[in-house]
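A.B. asks: So you can see what is in the structure, the chains are spelled out below.
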Amino acid sequence: MSFLPNLFDGFGAVLTPENLLFAAIGVTIGTLVGVLPGIGPALTIALLLPLTFNMNDPVGALIMFAGIYAGAMYGGSTTSILLNTPGESASVATSIEGYQMARRGRARAALATAAIGSFVAGTISTVLLSLLAVPMAKFAVMFRAADYFALAVLALVAVTALVGRSMVRGLMSLSLGLFFGLVGIDSLTGQARFTFGSVNLLDGVNMVVVIVGLFAIGETLYIASRLRDLPATVAPLEPARGFAWLTRSDWSRSWRPWLRGTALGFPFGALPSGGAELPTFLSYTYEKKRSRNREEFGSGAIEGVAGPEAANNASFSGVLVPLLTLGIPTSATAAVMLAAFQIFNVQPGPDLFEEGSPLVWALIASLYVGNVLLLLLNLPLIRVWVKVLQVPRPVLYASILVFATLGVYAVSGSIFQVLLAYGIGVIGFFMRRYDFPIAPVILGLILGPMMEEQFRRALGLANGDFTVFVSRPLTTVLLSLAVLAVLVPYAPRVVARIRGGQATKIALAEDD
Amino acid sequence: MADTVPSGRAPIGPRVLGGVVLLAGLGLLAQAIGEAVERGITVDGPRLAPLIVTSGWVALATAYLIQAWKAKPAQDDGESAARTSWFVPAALMVALVGYALVLEYTVVGYVPATAVFFVVAARLLSSRPVREVILRDIVVALGLSLVIYLAFTRFLDIQLPAGVLPI
Chain A
1 MSFLPNLFDG FGAVLTPENL LFAAIGVTIG TLVGVLPGIG PALTIALLLP LTFNMNDPVG
61 ALIMFAGIYA GAMYGGSTTS ILLNTPGESA SVATSIEGYQ MARRGRARAA LATAAIGSFV
121 AGTISTVLLS LLAVPMAKFA VMFRAADYFA LAVLALVAVT ALVGRSMVRG LMSLSLGLFF
181 GLVGIDSLTG QARFTFGSVN LLDGVNMVVV IVGLFAIGET LYIASRLRDL PATVAPLEPA
241 RGFAWLTRSD WSRSWRPWLR GTALGFPFGA LPSGGAELPT FLSYTYEKKR SRNREEFGSG
301 AIEGVAGPEA ANNASFSGVL VPLLTLGIPT SATAAVMLAA FQIFNVQPGP DLFEEGSPLV
361 WALIASLYVG NVLLLLLNLP LIRVWVKVLQ VPRPVLYASI LVFATLGVYA VSGSIFQVLL
421 AYGIGVIGFF MRRYDFPIAP VILGLILGPM MEEQFRRALG LANGDFTVFV SRPLTTVLLS
481 LAVLAVLVPY APRVVARIRG GQATKIALAE DD
Chain B
1 MADTVPSGRA PIGPRVLGGV VLLAGLGLLA QAIGEAVERG ITVDGPRLAP LIVTSGWVAL
61 ATAYLIQAWK AKPAQDDGES AARTSWFVPA ALMVALVGYA LVLEYTVVGY VPATAVFFVV
121 AARLLSSRPV REVILRDIVV ALGLSLVIYL AFTRFLDIQL PAGVLPI
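Line by line, the protein sequences give chains A and B. Note that our numbering numbers the first sequence so that position 463 is 463, with each residue one more than the last. Note that our numbering numbers the second sequence so that position 111 is 111, with each residue one more than the last.
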């Protein structure tokens with residue numbers, strides 16, 4: 001329990017009136033923006049980055065981001081339940097049963113099981129994060145360049161191969177991200193690459209520009225191309241019955257899925273395996289298979305909201321393990337968090353637990369606080385969030401374009417970057433239109449340069465000897481896992497072919 | 001699925017997209033090769049990664065193009081293609097670029113430029129008659145741009161072009 005003194009110091013830093021105010025502002029703004037249809041946590045954080053530019057104290061800013069994140073996540077589940085428009089793939093599972101519950105007049109119960117489940121999962125997985133962070137950071141100290149290279153390969157391959165419906169399209173998205181990562185001055189030799197003679201590109205392609213372009217501009221253009229078939233009806237909120245959000249039977253049907261969702265979400269988040277999409281669908285499938293109320297699935301079963309929502313939240317604390325201890329982001333949201341850290345010159349990795357120890361523990365403490373605030377603020381304020389959902393679509397999407405432009409302009413102060421974001425938005429539109437996944441672009445952009453640098457450092461140290469990538473057991477294991485991740489989606493077909501039987505396709509979402 | 005009767009034309013979109021992506025990839029690959037030839041290539045130098053990434057890009061674009069060519073007509077794509085409107089996104093792009101250029105290269109300033117852009121964008125995205133919503137759009141546009149301007153310049157110390165308004 002050696003982490004406890006550190007954690008108490010962290011709470012000491014967070015529980016000042018000023019920082020609590022930052023946390024409350026973060027949770028409120030995060031929910032407000034996250035509730036807007038089509039805006040997921042990654043975009044929420046990217047758009048809200050400018051808010052903290054002139055804050056002197058990194059602790060306050062990081063606390064606010066923890067709040068924004070928690071709020072955005074909760075806001076996303078509200079949208080999924082009431083409007084059936086999940087802002088990101090991790091909320092898709094929640095929307096399946098949640099929207100059906102809302103249509104049957106059980107919106108409050110669905111929102112409550114999502115909120116309390118998020119709180120339970122968030123708290124348990126933050127405890128796990130507190131327990132694991134220091135041992136993991138100690139382990140991470142042993143990582144050499146070759147290991148970091150292998151880890152980056154594994155993270156990229158896993159995210160691309162395990163998420164989405166087509167390997168070719170996923171890998172094409174990844175190539176685009178890797179290409180964006182190449183643009184600019186090479187970090188080791190100072191030579192310019194793919195700058196096309198423009199000084200504006202020497203610094204590379206900024207992550208915020210890519211996120212705003214793909215998620216905000218691209219998404220709005222896509223919505224604009226199919227205005228005619230938008231679901232525009234918000235499921236009505238039934239009248240309140242005092243404080244009884246959940247009936248006794250709701251509680252007894254919810255608590256096990258919450259715990260199971262947490263148990264699935266945290267490890268899937270902590271391993272580089274594509275963030276929250278996989279555990280949320282696994283949780284949904286599991287609850288559906290196991291439930292005594294199986295016949296209710298498809299028409300609003302509370303287990304189908306409780307499990308995936310818990311898995312979604314737990315996986316984020318899981319994702320923080322590799323992010324904080326190794327500096328490796330494994331989801332789009334984690335990549336934006338990394339960008340937020342870097343604005344304050346905080347470089348996650350094993351050293352962070354040595355040098356920046358108070359900062360890291362303040363961040364972890366703020367995750368606990370954010371969870372509590374979320375529960376306290378959100379259930380009573382649910383009427384406000386429903387009002388936000390009723391903003392007319394043209395007003396909403398015109399505002400998103402205004403804020404997207406503002407975000408990039410405020411981050412960069414350069415009109416070139418704004419136009420670049422628009423250009424990337426056009427790419428995002430076509431990606432959305434032809435069903436290319438977005439997350440591999442973001443991770444390619446962040447992990448690509450990291451991967452290349454470690455590859456070249458490893459080879460440089462080994463005098464160009466390629467056996468450096470197979471001589472250490474850790475490197476070998478990580479690289480083998482990467483190969484495995486590519487093969488897994490093909491495995492059922494291969495096995496079936498060997499057996500000569502009927503090929504059975506296994507797809508995550510096909511279970512309904 | 002494979003033996004459905006072909007109804008309508010084959011999906012053309014993915015083929016065009018694949019072609020464009022392939023051409024872009026070939027252009028980038030050519031540049032990467034040019035750089036590698038000019039400056040020499042070592043395994044731990046800066047010219048290897050561009051070659052790998054652009055070759056991968058070209059290979060994947062080729063695979064995608066082949067898939068798109070083999071795709072049966074009237075698969076999932078055909079139906080949604082009919083419902084895609086290209087005019088609204090294109091018009092929005094024109095409005096966006098115009099907005100950015102006005103912000104940077106004229107003295108109009110943040111508030112008027114944003115308000116006008118907002119009204120135009122909301123109009124493009126709306127399917128209701130102008131007179132029903134124009135008043136609402138104008139009020140929201142002015143309110144939003146003023147609040148953003150004041151919040152950013154007064155509270156966050158981030159400068160936005162003041163322009164012609166005395167604020």
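Since the hints were made in silico from the structure, they are not lab data. Keep in mind that this is a model prediction, so the values were computed, not measured. We put the beta carbon where it would ideally sit given N, CA and C, even for glycine. The reader is advised that the hints may include incorrect statements.
Stretches of chain A that chain B covers, calculated by requiring three or more beta carbons in the stretch to come under 8 Å of a beta carbon on chain B [stated by the list, open to error]: (1) 165-179; (2) 332-343.
Covered by chain A, according to a simulated footprint, are these stretches of chain B (three or more residues, beta-carbon under 8 Å) [as the list claims (entries may be wrong)]: (3) 26-39; (4) 45-51; (5) 86-99; (6) 143-156.
A.B. asks: Please flag the earlier hints that this structure goes against, numbers listed from lowest up.
C.D. replies: 2
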